[in-house]
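In the order they appear, the protein sequences are chains Y and P. According to the numbering used here, the first sequence holds residues 290 to 450 in order. According to the numbering used here, the second sequence holds residues 295 to 1085 in order.
Quick caveat, the hints were computed from the structure, so don't treat them as lab data. Do not take every clue at face value.
[Stated by the list, open to error] For the chain Y half of the interface with chain P, some residues (derived, Cβ under 8 angstroms), not all of them:
{"hint": "1", "residue": "Phe355"}
{"hint": "2", "residue": "Asp356"}
{"hint": "3", "residue": "Gln391"}
[Stated by the list, open to error] Here chain Y is said to cover these stretches of chain P; the calculated rule only asks that three of the stretch's residues, wherever they fall, bring their Cβ under 8 angstroms from a Cβ of chain Y:
{"hint": "4", "region": "330-341"}
{"hint": "5", "region": "494-505"}
On a predicted model such as this, the values are computed, not experimentally measured, just so you know. Even glycine gets a Cβ: it sits at the ideal position worked out from N, Cα and C.
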Amino acid sequence: MKRTIKLRINGSEHELAVPANALLLDVLRNDLHLVGTKRGCDMGTCGCCNIIIDGRAVNSCLVLAFDVEGRDIQTIEGVTASADDDSIHPLQEAWAECGGSQCGFCAAGFIMTVHALLENEPQPNRAGIAEALGGNVCRCTGYKKILDAVELAAGRMAATT
Amino acid sequence: MARHPHDPKNQKQGLIGQPVPLIDARRKSTGQAVYTDDIKLPGMLVGKILRSPHPHAMIRSIDTRAAEALPGVHAVLTGQEAPNRFGVLPVSQDETALAVDRVRFVGDGVAAVAADDEATALEALSLINVDYEPIRAFLKIEESLEEVPDELKLHTKTVGNTNIHKQVQQDFGDVDGAIDAAKWSKRQRFLFPGVTHAFTEPLCTIAHWNADDRLTIWSAQQVPHYLHRALATVLEIPMHRIRVVRPTVGGGFGGKSDPFPHEMVCALLTRKCRRPVRILFDREEVFYNNHGRHPSKIEIALAIDADHKISGLDIDALIDGGAWGSFGVVTTYYNGVLANGPYRLPSFRYRGRRVYSNRPPSGAMRGHGAVNTRFAYEILLDEAAHDLGEDPADFRIKNALSSYTKTINEFRITTNGIVECIERACDASGWKDKKGKLPFGEGIGIAGGFYISGSALPIWWDDIPQSTVHLKIDYDGGVTIHSLAAEIGQGSDTMLAQITADVLGLSIDFCRVLTEDSDTAPIDLGSYSSRVTFMAGNAVRRAAEDMRRRIIQGAADVSGYPTELLVMEDEHVVSVADPNVRIPYLNAVRRAMKDVGALVTTGCYSSAPPMGGKHKGAAAGLSPTYSFQAFVVQTKVDLLSGKPRVTEVWAAHDCGRALNPLAVEAQIEGCVHMGLGQVLCETMDYHKGNLENPNLLDYRTLSPSETPNIHPILVETLDPEGPYGAKECGEGPLLPVLPATANAIWDAIGERFYVLPITADKIYRALLKQKKQGRYGKRPFSDQSEKSPAR
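From just these sequences and the hints, can you work out the full model?
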């Protein structure tokens, strides 16, 4: 059974017909071609598919598209320097600079998790960052350069606000 | 907004040795990098594989009629249609696209379909009727040693009538004599469960047999060239009609370095239906595909003579290869031969046996073949040091192999930074102030390591260079780098660009690295055995130096100055004699193009023979150079729960030269993560051939909060044959992590663990026993001062 739903993603409205059991992850990747959000584990354990819904980081593989109608959804494609500046976000910049990604497959999920974290807590300490990232798996970095990147970005963002 | 370090304004020429962010880092942090599953082709079908529920069974028949009749199904495939065998090693061609007459593990592919969508594909699989006859499964490593009738052999080519896949024996010097005459000796068994790569990107392959009768395959691969060869074998078509594309790869660690059955299946399905087909694994399939580190039982004996020198090492490794050969013959050798460093061995004996079993295949994983033996060896060294009243660090220095020497099994050692690694790790960690002096429950440990920097001999013994790189410069001045060296996150694309830019005196943004496509890239053997920086790095340097000669000739033609005085720097060709001579790069390039068009150069690398001995297996572990490492690990054991926690790791690694310190540190840190995972929590648990934890929740890896402070220490010994002196840094740094951690746990609580992983429950039980025996809370080396007052 398909039903037409409206999704607000990265500030744009999308109207599309999806089946009742469609996962938000599949709708993002397959219907909307927002492939920056990755499928890693199919069961909410790796965080590669993390996106932000109403300010909270969420595993998009555990969410039905039907359930998020009318909610504010943000994916990695919607992360920019600011609402009216489409250049790269300081978090993404720091990620590149510090070596936050190696293979890069987990990067979008991590950045979405951190993005939501920094909205609520602009200056978290290192242990706090690590704890917030408990639902994200990276097998390349040993997490060190990821934590470096978050600290660098948070510092820079705090300095400019 | 901070200026980006890629901004040419931020970079001077002379890029070697500078921390350069990976050139694809922004693409990756913005979600723009394209992985295989991100590619959508028009009319693309979903491919799915039906998998065996039995660990070992004969296939009596397969009925696919109902699946073929299902609307939306475009192709159905069984193993009988593609019986050609393949495998990564020429000596172990024992895999087929799908099971032909028997299944060998739970998860083995039996049949496959291509359908309009996933739901249809899954329904089609459910309609395939396979008649299995379950037979005796070999699920314990010892069972595979038994003599069995032919029908119970997993493969025809085994040792005698057993399921032993490969047996090797090496014997140098008088090991028995050394043990008999030893001041200290011990024989100990160690047990290592299997662990797996758990890369974040699930395996994914897309194949399209197009109207031109050409096959294009996009696949998450570390070694596109071996996939290319295997496809030609299985499909019986010439290689030039196959194009292998490697999109961005989401982690490999050895787990994407075999040509895989699903890649063959994908190609066979598209040949049947002529539509693009995608096969994407779910996480459970990734676990069953495995190819991770072999479950191993290793018994080793170490002998120390009266001078406290190692006098003999005897290793007996029994490793579980699972259902297929994979890299296993190499693994069998590596478990022994890679113990020949970083310490001097006057006698060495090795027996290695790899068995086939009805478990998912084992294969190559970061630190391939060396990790488990290294653990066993370094634990016994630590025990010896303790019993002999030696400081474990000094004891290792005393026994260190020297530079420019030969090991007893005739490895050619060139540069060797083991002593500097030990000293610097000790200095940085405050070793002397901490060893044996921390409160009960806290400890510090050390271990060394040694690893190949590329295999001196290629897997297929033919005469082509191991790495070739092409460079092209056209009117725009950009440098296109063509290579098949597989970027899998380690930063090899950046390495290629960095060397090219350095030689040509350009900023790195002039370089465009195209390493994805076999149609355009010259052959490189790919990302395995830590070979890429050493081999492709040498190849690209040669190509760039040839390119520099051409451009300088162009500048000489423009300016009339002799080429001998011209160099390239800062996007100019300049005279070393006359600072007023500065010919802009583009002018020189365009002049050089005058009679030939685009400038095209090539460079290649082949390991220079002869090196190594003449004995059987002499080529295994032979490398043009070796990396060395020594790590100090500090740990804190929670005395209530037994939970061990590693707090600090001082990781000294001899990488020859750090071309890009940022990337070298990153490799070391990644190795620490993976090594700590194996020693503290990672394990593949089986019940009757079924993997019990085929997901990332139950297969526990280390979380961000459990990550210690990692202090990479880069030791640079400037290898004479490495590019700018570089050698590997991607695998060796994993080796010391495990034993250094176990040695630190011993320092903390006085307990040795010979079975991995060392989990809280094991420590808790050990502490409980200590309490019962009245030993709890005592330093393990309280009697050390009596034994060795000198220290």
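Review point. Within the region 494-505 of chain P, is the number of residues with a Cβ closer than 8 angstroms to a Cβ of chain Y three or more?
Key: holds (count 3)
Practice item. Report holds or violated for the interface hint on Gln391/Y, using the least CB-CB distance to chain P and a cut-off of 8 angstroms. Key: Cβ of Gln391/Y sits 4 angstroms from chain P, so the hint holds.
Review point. Given Asp356/Y as an interface hint, is the shortest Cβ-Cβ distance to chain P below 8 angstroms?
Key: Not OK, violated: Asp356/Y not within 8 angstroms of chain P, min 20 angstroms.
Check your understanding: Against chain P, with CB atoms and a cut of 8 angstroms, does the hint on Phe355/Y hold up?
Key -> violated, 17 angstroms
Review point. The region 330-341 of chain P covered by chain Y? Criterion: 3 or more residues, Cβ-Cβ distance below 8 angstroms.
Key: holds (count 3)
Going down the numbered hints, you'll see the structure goes against 1, 2, while the others check out.
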